[in-house]
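Novice: Using the sequences and the hints, build the whole thing.
Residues per chain are reported as follows:
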Amino acid sequence: MAGLEDLYREIILDHYRSPRNRGELDTPPANMTEGFNPLCGDEIRVYLELDGDTISEIRIGGQGCSISQSSASMMTTAVLGRTVDEARRVLKAFKAMMSIHEGDLDGAPPTGVTDGEEPISLGDLEALRGVVKFPVRIKCATLAWNTFDHGLDEISA
Amino acid sequence: MAGLEDLYREIILDHYRSPRNRGELDTPPANMTEGFNPLCGDEIRVYLELDGDTISEIRIGGQGCSISQSSASMMTTAVLGRTVDEARRVLKAFKAMMSIHEGDLDGAPPTGVTDGEEPISLGDLEALRGVVKFPVRIKCATLAWNTFDHGLDEISA
Amino acid sequence: MSASSSQTTTPLDAAAVKADFPLLQREVNGSPIVYLDSGATSQKPRQVLKVIDAYYHEINANVHRGAYHIAELATSAMEQARAKVQRFIAAPSSSEIIFTKNATEAINLVAHSWGRANLSEGDVVLITGLEHHANIVPWHQLAAERGVEVRWIPLTDDGRLDLHDLDSLLEGVRLVALSSASKVLGTLTPVRELADAAHAVGALCLVDASQSVPHLPTNVTEWDCDFVAFTGHKMCGPTGIGVLWGRSELLEAMPPFMGGGEMILDVTMEGFTPNELPWKFEAGTPPIAQIIGLGAAVDYLDSIGMDSVRAHEMALTDYALRTLADRHGDDLLVHGPSAVADRGGVLSMCYRDIHPHDLSQVLDQRGVCVRAGHHCAKPLMRLLGVGATTRASLYVYNDESDIDALSEALTEAGDFFAHQPA
Amino acid sequence: MSASSSQTTTPLDAAAVKADFPLLQREVNGSPIVYLDSGATSQKPRQVLKVIDAYYHEINANVHRGAYHIAELATSAMEQARAKVQRFIAAPSSSEIIFTKNATEAINLVAHSWGRANLSEGDVVLITGLEHHANIVPWHQLAAERGVEVRWIPLTDDGRLDLHDLDSLLEGVRLVALSSASKVLGTLTPVRELADAAHAVGALCLVDASQSVPHLPTNVTEWDCDFVAFTGHKMCGPTGIGVLWGRSELLEAMPPFMGGGEMILDVTMEGFTPNELPWKFEAGTPPIAQIIGLGAAVDYLDSIGMDSVRAHEMALTDYALRTLADRHGDDLLVHGPSAVADRGGVLSMCYRDIHPHDLSQVLDQRGVCVRAGHHCAKPLMRLLGVGATTRASLYVYNDESDIDALSEALTEAGDFFAHQPA
Ligand SMILES: Cc1ncc(COP(=O)(O)O)c(C=O)c1O
Ligand SMILES: Cc1ncc(COP(=O)(O)O)c(C=O)c1O
Chain A
22 MAGLEDLYRE IILDHYRSPR NRGELDTPPA NMTEGFNPLC GDEIRVYLEL
72 DGDTISEIRI GGQGCSISQS SASMMTTAVL GRTVDEARRV LKAFKAMMSI
122 HEGDLDGAPP TGVTDGEEPI SLGDLEALRG VVKFPVRIKC ATLAWNTFDH
172 GLDEISA
Chain B
22 MAGLEDLYRE IILDHYRSPR NRGELDTPPA NMTEGFNPLC GDEIRVYLEL
72 DGDTISEIRI GGQGCSISQS SASMMTTAVL GRTVDEARRV LKAFKAMMSI
122 HEGDLDGAPP TGVTDGEEPI SLGDLEALRG VVKFPVRIKC ATLAWNTFDH
172 GLDEISA
Chain C
987 MSASSSQTTT PLDAAAVKAD FPLLQREVNG SPIVYLDSGA TSQKPRQVLK
1037 VIDAYYHEIN ANVHRGAYHI AELATSAMEQ ARAKVQRFIA APSSSEIIFT
1087 KNATEAINLV AHSWGRANLS EGDVVLITGL EHHANIVPWH QLAAERGVEV
1137 RWIPLTDDGR LDLHDLDSLL EGVRLVALSS ASKVLGTLTP VRELADAAHA
1187 VGALCLVDAS QSVPHLPTNV TEWDCDFVAF TGHKMCGPTG IGVLWGRSEL
1237 LEAMPPFMGG GEMILDVTME GFTPNELPWK FEAGTPPIAQ IIGLGAAVDY
1287 LDSIGMDSVR AHEMALTDYA LRTLADRHGD DLLVHGPSAV ADRGGVLSMC
1337 YRDIHPHDLS QVLDQRGVCV RAGHHCAKPL MRLLGVGATT RASLYVYNDE
1387 SDIDALSEAL TEAGDFFAHQ PA
Chain D
987 MSASSSQTTT PLDAAAVKAD FPLLQREVNG SPIVYLDSGA TSQKPRQVLK
1037 VIDAYYHEIN ANVHRGAYHI AELATSAMEQ ARAKVQRFIA APSSSEIIFT
1087 KNATEAINLV AHSWGRANLS EGDVVLITGL EHHANIVPWH QLAAERGVEV
1137 RWIPLTDDGR LDLHDLDSLL EGVRLVALSS ASKVLGTLTP VRELADAAHA
1187 VGALCLVDAS QSVPHLPTNV TEWDCDFVAF TGHKMCGPTG IGVLWGRSEL
1237 LEAMPPFMGG GEMILDVTME GFTPNELPWK FEAGTPPIAQ IIGLGAAVDY
1287 LDSIGMDSVR AHEMALTDYA LRTLADRHGD DLLVHGPSAV ADRGGVLSMC
1337 YRDIHPHDLS QVLDQRGVCV RAGHHCAKPL MRLLGVGATT RASLYVYNDE
1387 SDIDALSEAL TEAGDFFAHQ PA
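Protein chains in written order, with the numbering used here: chain A, 22 to 178; chain B, 22 to 178; chain C, 987 to 1408; chain D, 987 to 1408.
To be clear, the hints were calculated from the coordinates, so they are not data collected in a lab.
The reader is advised that the hints may include incorrect statements.
Each computed EDC-like pair below joins lysine to aspartate or glutamate, with the alpha-carbon atoms no more than 20 Å apart [to be verified]: (1) B/Lys116 to B/Glu45; (2) A/Lys160 to D/Glu1262; (3) D/Lys1004 to C/Asp1144.
From the structure, some residues in chain A lie toward chain C, with a derived Cβ separation under 8 Å [what the hints assert, rightly or not]: (4) Gly24; (5) Leu25; (6) Cys61; (7) Gly62; (8) Asp63; (9) Glu64; (10) Gln84; (11) Cys86; (12) Ser87; (13) Pro156; (14) Ile159; (15) Cys161.
Just so it is clear, the structure is predicted and the values come from calculations on it, not from any experiment.
Glycine is no exception: its CB is placed at the ideal position from the N, C-alpha and C atoms.
Specialist: Structure follows, in structure tokens:
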């Protein structure tokens, strides 16, 4: 159907149908963080385990639409094996891609995504860029990421 | 000024300029009841004394506009010397005159003012009939009466 | 209401009604709009929009205080709207009609004013598995604050109230708070029966009528309940206006909720004297234009006749249940009671394994507006064992072509998700 | 603001502005309307009415939950309005902008949520002799409920705050709640000074800015206060919408006020998790059309420029004070500060011995709309030693002809009451 290709890219549907790193981890040693999309009822659980500074295990539980599930799945592949710092940079770059900058509305230049750091490539995650055209779905796409963010905070705390 | 003659009848202005039965009574023996018009700030005090079943003394204190003051003044002359029952009938007839019947709005006949009792003449008070055309002022005209009504209830209680 | 009432009422002229709603004339994504989300909010007829616009163009002024001409007109328009609402729900007196900003504020008013004055540790508020968050969270707040117990009437498998154990559920209950119609399942509840049961144990009964006042004739006197809350934007009225009806004796005895202008008789440096009903509960400048707009909405619904509205929706629900089942068979599951007489025009659906959020997005490409999500009823979603549903909800302006468009779009959505290269 | 700011701002085109307001084109009792009651509520420009109407015609849908096109448009229009309000008052973040139905609800929100969580017996709330009932009664309610003390900053003879004894007034104070401009006298108050004084004793500062946001540039960051409340209908916006701004840290720590949809992250049968700011404090369907309308009002005022609005009103107030004194001399008493720089465009008058209610009625015969009464400030009336005043209040659409009409009508009213046969 015309108009939906931007949203439902092939790779998104692939991750939706065959989600990577789905399941649970024992807590402890893993940390579990829960997230809600208050607007549609989606719920997600992010299980995280570190080996030193490296994300050695990540699993996703819960339910949601194709966008939230595929975004979570892609996130796991993007951060697994990375250090916490690297993961945070991916997180930041992803959230920057997803945010509708107030600046854009005013015609001002968009805020930079890297704040002077070396730009990080989002790889497959770029497929989610089309979501920005469907603002209600942005919360679907960012649900896993915000939950992951809280999880990292909990572990560091 | 055109349009205002209905409201500011000669007799109303007369009672406003020379209010009858203004002042206070000692409590006890008299009963004092206070009334407010929450919308314009008018305040009234009605002092009442009975001799058996007859209203032997009535005085009005407080401040207000020409309509509330003249209505209070005319009320005192209409009820002084009457029995409580007679006074209540005057009260009822006056409030009936002042009420905008929902029936009127619908084109239904207005509610009778006497409920089968012998009709009571309002005399000078008829001059206040014009107030009904100025709905905001109805509360001015009825302030003394409602306060008097509460006073009678307090005494009978 | 029973199905037979449709025989005794004038059938409404669906085409004429639809033409009254400007938004329904627009297109979305190149298709004519098919608005099936009236359970969330209704569209507004031009008759209502005209009244709101005329208010601002001709008589806009603050109410109750100005002695000048337009202020008198504004005040009397607002108070006439109150009388219209009173008649619309068959309330004994217009002083029992309290205007709030929405149904949520109306229920919170009861929780704050009556609840905090009357409920303490161990008292029970009995609600149902069908409730909207507006009729759950205020009671949870009272539970957290002062140990009130929130107890739930369970549901049967087809989404009706399970009143099997009502007697034991009622033990210790001070308030029964239930919705007259579920926004998720459409279920109509036996309000009078529950009001009677509440009174029999000395409890009060509050009815969240947000989903029934727009769709069925309402008679609060026949319900014999104590409080009724509903909201203007779901009944052809503007946003920003809700209603609480309450029995005078109760309202008289309750302390004010919010404090400010309009709700006082007198204020001194030491304290204040509350105003009479209904103003005692209407602090601050009221939503004047919205109250007057709600009055116009009541006029509009009255001009059609609530019996006709109900008959129309029943016929349409019947058509929808039949044609959707014929076309989609086992691909489509519709929750809730199966008998049209037991339900409003609400179809909560699961279609194949397509997530509601995805389904509604695809339907939108064909201009079909439906709601996906928990519908502000998460406990009910958990009871149904789903995280979300796709809900189509009908109103006076819908017709068979809307159902056909929905049905066609479902097929297309199925194709889209089936045939995408994977 | 000082008088000199008028030199640096673009003077507004009074005739063009007046032409924007449809209601000001009408006649009352055969005379063109002279609307001098903007302190009670302002008129609305066609630019705002058009936006409201377009909302209902084109994108009306419930917000935040629908995945379909018009629901997205409604949601983004509403959230854009929030950002406009944020910029208009120079707030740090749009998540600190909470929409209520009016200023009264905004102040009650603070009293209920922050007040009930933080104040107990003996704690002092310091208010001023200038307050509107909306900033008195909620504190009286707290006083009655839990023994909080309400203390008053007295006034000087010309109606300014008497800060002589501020140090001792501040003893035991947890909250200073003051209006930035008086609706009765026009007095502008030194907000920053009082916010600093409050913070110096560890208290918070709430500003009732209902009478200043419509008339002067607002910068909550420069005020350095903690909460600011104001109301849409006095600033060219619709009825049914108000605003509470609060500092995030405070809002984060406060419990929710009303419970229901929108304000939750999750609800279970056992309890609920509140949503993030600002929605945590916005229970139920928001006044969507009114929020969007308020955004349009902000756009309208921005297009004129708040500096120009203020300069216009100062010039007009100056003209009014001069010409009324010239013509009416001792027959007319105008309350409040005499320096135009210390006041807004509010003229509270006593004319001869004519009761304000009678005066305003007679003025209405000439189409002149003024307010008579206690202006929801009974304690202030008692301080002034009057039961009521007649108040003319100016706004952006008024011009010298309006003042002239008022002046002429005063003379006629004097004649009417003097010459009636007695
Ligand atoms: C100073 C002040 N505060 C509060 C209010 C209350 O505003 P609202 O009635 O819109 O809640 C008003 C308006 O009358 C006011 O002038
Ligand atoms: C059953 C029910 N109750 C309460 C509400 C709350 O109405 P509002 O959001 O207008 O306060 C709704 C609307 O969503 C509802 O469907």
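Novice: Look at each hint and say if it fits the structure.
Specialist: Structure-based check of each hint:
Between lysine 116 of chain B and glutamate 45 of chain B, the direct Cα distance comes to roughly 25 Å. Violation of the 20 Å bound is thereby established for this hinted pair. Of the supplied pair hints, the one linking lysine 160 of chain A and glutamate 1262 of chain D holds, its CA atoms being roughly 13 Å apart against a limit of 20 Å. For the hint pairing lysine 1004 of chain D with aspartate 1144 of chain C, the CA-to-CA distance comes to about 61 Å; that exceeds 20 Å, so the pair is violated. For glycine 24 of chain A, the suggested interface contact is upheld, since its CB lies about 6 Å from the closest CB of chain C, less than 8 Å.
The beta carbon of leucine 25 of chain A comes within 6 Å of a beta carbon in chain C, closer than 8 Å, and the hint placing it at the interface holds. Interface restraint check: cysteine 61 of chain A against chain C, minimum CB-CB distance 4 Å, threshold 8 Å, status holds. The restraint placing glycine 62 of chain A at the interface with chain C holds, with a minimum CB-CB distance near 3 Å, inside the 8 Å limit. Hint on aspartate 63 of chain A holds. Least Cβ distance to chain C is approximately 7 Å, under the 8 Å limit.
At a threshold of 8 Å, the smallest CB-CB gap from glutamate 64 of chain A to chain C is about 6 Å, leaving the interface hint in force. Because the closest C-beta pair between glutamine 84 of chain A and chain C is about 5 Å apart, less than 8 Å, the hint holds. The criterion of a C-beta within 8 Å of any C-beta in chain C is met by cysteine 86 of chain A, whose closest approach is roughly 4 Å, and the hint holds. The interface hint given for serine 87 of chain A is met, as the beta carbon of that residue sits about 5 Å from the closest beta carbon of chain C, less than 8 Å.
Hint on proline 156 of chain A is violated. Least Cβ distance to chain C is approximately 12 Å, over the 8 Å limit. Proximity of isoleucine 159 of chain A to chain C is violated relative to the hint, the smallest CB-CB distance being about 12 Å (cut-off 8 Å). Proximity of cysteine 161 of chain A to chain C holds as hinted, the smallest CB-CB distance being about 7 Å (cut-off 8 Å).
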